[in-house]
Amino acid sequence: MMAETAPQSSWVKRIEPWLLLAPMLIVLATVTAWPLARTAYLSFMHASLDDGDLPRFIGFGNYLALMKDGDWWHAVRNTAFFAVISVTLETLAGVAIALLIDSQIKGRGALRAVMLIPWAIPTVVSAQMWQWMLHDQYGVVNALLIKLGFISHGIAWTAGAGTAMAAIIAVDVWQTTPFMVLLILAGLQIIPRDLYEAAKVDGAPGWAQFFYITLPLLWPTLAVAILFRLLDAVRMFDLAYVLSSKSRETATISIYARQQLVDFQDVGYGSAVAMLVFLMISLVAAVYIQVTKIRLISE
Amino acid sequence: MKRLAKTVALTLLKIVVVFYTIFPFYWAIVSSFKSGAALFSVDFFPAIDLTNYRDLLTNGNFLRNILNSAIVAVSVVTLSLIFAITSAYALGKMKFRGRGIVLAGILGASMFPQIVVLSGLFGTIRWLGLYNSLGSLVLSYMIFSLPFTVWVMTSFIRQIPAELEDAARMDGCSTWAMIWQIYFPLLAPALASTGLLAFIASWNEFLFALTFTLSDTVRTVPVGLALISGSSRFELPFGTIMAASVIVTVPLILLVLIFQRRIVSGLTAGAVK
Chain A
38 MMAETAPQSS WVKRIEPWLL LAPMLIVLAT VTAWPLARTA YLSFMHASLD
88 DGDLPRFIGF GNYLALMKDG DWWHAVRNTA FFAVISVTLE TLAGVAIALL
138 IDSQIKGRGA LRAVMLIPWA IPTVVSAQMW QWMLHDQYGV VNALLIKLGF
188 ISHGIAWTAG AGTAMAAIIA VDVWQTTPFM VLLILAGLQI IPRDLYEAAK
238 VDGAPGWAQF FYITLPLLWP TLAVAILFRL LDAVRMFDLA YVLSSKSRET
288 ATISIYARQQ LVDFQDVGYG SAVAMLVFLM ISLVAAVYIQ VTKIRLISE
Chain B
612 MKRLAKTVAL TLLKIVVVFY TIFPFYWAIV SSFKSGAALF SVDFFPAIDL
662 TNYRDLLTNG NFLRNILNSA IVAVSVVTLS LIFAITSAYA LGKMKFRGRG
712 IVLAGILGAS MFPQIVVLSG LFGTIRWLGL YNSLGSLVLS YMIFSLPFTV
762 WVMTSFIRQI PAELEDAARM DGCSTWAMIW QIYFPLLAPA LASTGLLAFI
812 ASWNEFLFAL TFTLSDTVRT VPVGLALISG SSRFELPFGT IMAASVIVTV
862 PLILLVLIFQ RRIVSGLTAG AVK
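These protein sequences, in sequence, are chains A and B. Numbering of the first sequence is given in our numbering, commencing with residue 38 and proceeding in unit increments. Numbering of the second sequence is given in our numbering, commencing with residue 612 and proceeding in unit increments.
Heads up, some of the hints might be wrong.
To be verified - Cut-off 30 angstroms, straight-line C-alpha distance, at most; resulting in silico cross-link-like pairs (DSSO-like, lysine-lysine):
1. A:Lys143 / B:Lys704
2. B:Lys613 / A:Lys143
3. B:Lys625 / B:Lys613
4. B:Lys625 / A:Lys143
5. A:Lys330 / B:Lys613
6. B:Lys706 / A:Lys330
What the hints assert, rightly or not - Here are the simulated distance ranges between beta carbons:
7. B:Gly647 / A:Lys184: 21 to 31 angstroms
8. A:Ala66 / B:Asn743: 23 to 33 angstroms
9. A:Val299 / B:Val627: 37 to 47 angstroms
10. A:Tyr325 / B:Pro862: 48 to 58 angstroms
11. B:Gly671 / A:Lys105: 41 to 51 angstroms
12. A:Val238 / B:Ala779: 49 to 59 angstroms
13. B:Leu838 / A:Gly199: 19 to 29 angstroms
14. B:Gly671 / A:Met104: 46 to 56 angstroms
15. B:Asp827 / A:Trp244: 49 to 59 angstroms
16. B:Gln770 / A:Trp256: 20 to 30 angstroms
17. A:Ile228 / B:Ala779: 57 to 67 angstroms
18. A:Phe248 / B:Gly671: 31 to 41 angstroms
19. A:Trp244 / B:Ile693: 46 to 56 angstroms
Unchecked claim - To give an idea of the chain A side of the interface with chain B (calculated C-beta under 10 angstroms), a few residues:
20. Lys50
21. Ala77
22. Ser80
23. Lys184
24. Ile188
25. Phe216
26. Ile318
Hint data in this document are derived by calculation from the structure and do not stem from the laboratory. Fair warning: this is a prediction, and the values are worked out from it, not measured in the lab. For glycine and all other residues, C-beta sits at the position ideal for the given N, C-alpha and C.
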């Protein structure tokens, strides 16, 4: 009897994990792999819903046109600028605030709770809240700056050429620094306290403790947190859409791609934009993972 | 003395951080209670005027938007968690060839920029007849919800000791019963925190909701909020927008504060390690 069931049970054993995974894999493929393949296919076509022509294969035509498209390169620069500046500020502020919260036991729970508030607010809501605060005539920010004597009349923060991007970065920093703080706080908890005791006994000053104990031991956590933030920042869409509409000054690659696809109905060209976005983001992730040597999959 | 100065400085710093973090939301609440000309004066403690709230709640679209968001988010969370439990069991408790590839694929999918699939997904949604319906959002939100829930549940299920499973196997328990009768109750707290995070992500999503729905009756809250405008070009709708912002955010903040420990553990299980 044993001899009869053994081969069957080993066959079941081999197929079982795939049966359990199948529903998830099928749904995931329907929303990622298949649309990605379709986008790739469309990117080689002239397919515009605007001129009524039938879609036709044009090879790398869309990509070649993109290389010479000033607006596209402008969007690439905007996105890179936004991602680098906002993630840098969020990381520095995140580490500083996390260390501040971690420094004393008193009030730690309350501060952590406060940190969750901006994180829980939907991005569109924060964009609207800040748009109102930054309003040129009635905004509270201008009112306070005028009262303090820094400026004489209100500034149109979200409309000005130089200030719109700064405003978007400020809102992003406000909204996502708390996420960094929460992750860094969790990372700080893993560091054994007796390391600091030993450092104190040896007379190591505060900055040395930070650079030789805290930072190296925090790094694995920090590296993953930065990767997640970076990937989020390069695909940013809603903040720029709500705060400064589709202005060229602040258009990100996601805004530009959607504009081609939906507003101009140029499916072929828009798909080529999307494919370049995909390649660029994959490249950023791959280089980052290589350079930082973080291990995302355990075992 | 030096110690006291340090404590005072740190406390001041904490107050600054708390003020900076909370003030924008406080200002939204304050502004939501102002209507007419009061909105244009900078007043930190105004009289409470509920005009904006009354306008919103008597305008059918806003309530409809909230209902739509709730339907979409609950469906997305329920479906993802069901898929995630069986997948997490396979990925966390079974040894099979291809496991590493599946994990890498899920990790890759979690980094997927949504804009990339927009044109391809648009075709699929049209083909399935889901354009301009809530179904299009339930399907498309799987793109971020599934990888996240599967990843986090896998790391949670791994922490459960194997002895339990060995004992159940001795008693002749099948894999299916094992998942639903033994692991499911044990994973309930983890499911709650993961589900809450997936709920928040769906509730807040904007790009797909803006692209795959068209009419007011199928719009979700973020799109409704982004597109609110005054009845004339010269009317500033910020009082109404702030009232709407407060209504959709207060429940989220309460949920997050009530479940804060679970949320932090869910976030860190997903990102740390």
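To see whether the hints hold, each was checked on the structure:
For the suggested pair lysine 143 (chain A) and lysine 704 (chain B), the alpha carbons sit about 41 angstroms apart, so the restraint of at most 30 angstroms is broken. Distance check on the hinted pair: lysine 613 (chain B) and lysine 143 (chain A) sit about 19 angstroms apart at the alpha-carbon level, within 30 angstroms; holds. A distance of roughly 18 angstroms separates the Cα atoms of lysine 625 (chain B) and lysine 613 (chain B); the hinted pair therefore holds under the 30 angstroms criterion. Taking the CA atoms of lysine 625 (chain B) and lysine 143 (chain A), the gap is about 11 angstroms. The hint holds against a cut of 30 angstroms.
Among the hinted pairs, lysine 330 (chain A) with lysine 613 (chain B) is inconsistent with the structure: their alpha-carbon atoms are about 42 angstroms apart, more than 30 angstroms. Of the pairs offered as hints, the one joining lysine 706 (chain B) and lysine 330 (chain A) holds, with about 26 angstroms between alpha carbons and a cut-off of 30 angstroms not exceeded. With their beta carbons about 23 angstroms apart, glycine 647 (chain B) and lysine 184 (chain A) fall inside the hinted range of 21 to 31 angstroms. Separated by about 24 angstroms at the C-beta atoms, alanine 66 (chain A) and asparagine 743 (chain B) satisfy the suggested range of 23 to 33 angstroms.
As the Cβ distance of valine 299 (chain A) to valine 627 (chain B) is approximately 42 angstroms, the hint placing it in 37 to 47 angstroms holds. About 36 angstroms separates the C-beta atoms of tyrosine 325 (chain A) and proline 862 (chain B), a value inconsistent with the hinted range of 48 to 58 angstroms. For the pair glycine 671 (chain B) and lysine 105 (chain A), the supplied restraint of 41 to 51 angstroms holds, since their beta-carbon distance comes to about 49 angstroms. At roughly 51 angstroms, the beta carbons of valine 238 (chain A) and alanine 779 (chain B) sit within the given window of 49 to 59 angstroms.
Checked against the hint of 19 to 29 angstroms, the C-beta distance between leucine 838 (chain B) and glycine 199 (chain A) comes to roughly 28 angstroms, which is consistent with it. The beta-carbon spacing between glycine 671 (chain B) and methionine 104 (chain A), approximately 49 angstroms, falls within the hinted interval of 46 to 56 angstroms. At about 57 angstroms, the CB distance of aspartate 827 (chain B) to tryptophan 244 (chain A) agrees with the hint of 49 to 59 angstroms. The supplied range of 20 to 30 angstroms is met by glutamine 770 (chain B) and tryptophan 256 (chain A), whose beta-carbon atoms lie about 24 angstroms from each other.
Evaluation of the 57 to 67 angstroms hint for isoleucine 228 (chain A) and alanine 779 (chain B) yields a failure: the beta carbon distance comes to about 38 angstroms. A C-beta distance of roughly 59 angstroms is found between phenylalanine 248 (chain A) and glycine 671 (chain B), which places it outside the suggested range of 31 to 41 angstroms. The hinted range of 46 to 56 angstroms is satisfied by tryptophan 244 (chain A) and isoleucine 693 (chain B), whose Cβ atoms lie roughly 51 angstroms apart. With a cut of 10 angstroms, the hint placing lysine 50 (chain A) at the interface with chain B holds, because the nearest CB-to-CB distance is about 8 angstroms.
The beta carbon of alanine 77 (chain A) is positioned within 10 angstroms of a beta carbon in chain B (closest approach about 8 angstroms), and the interface hint is therefore held. Restraint check, serine 80 (chain A) versus chain B: the minimum CB separation of about 9 angstroms is within 10 angstroms; hint holds. At about 8 angstroms, the closest approach between the beta carbon of lysine 184 (chain A) and any beta carbon in chain B falls short of 10 angstroms, and the interface hint on this residue holds. The criterion of a C-beta within 10 angstroms of any C-beta in chain B is not met by isoleucine 188 (chain A), whose closest approach is roughly 15 angstroms, and the hint is violated.
For phenylalanine 216 (chain A), the interface hint holds, the least distance from its beta-carbon to any beta-carbon of chain B being 8 angstroms, beneath 10 angstroms. For the restraint placing isoleucine 318 (chain A) at the interface with chain B, the shortest Cβ-Cβ distance is roughly 5 angstroms, inside the 10 angstroms limit, so the hint holds.
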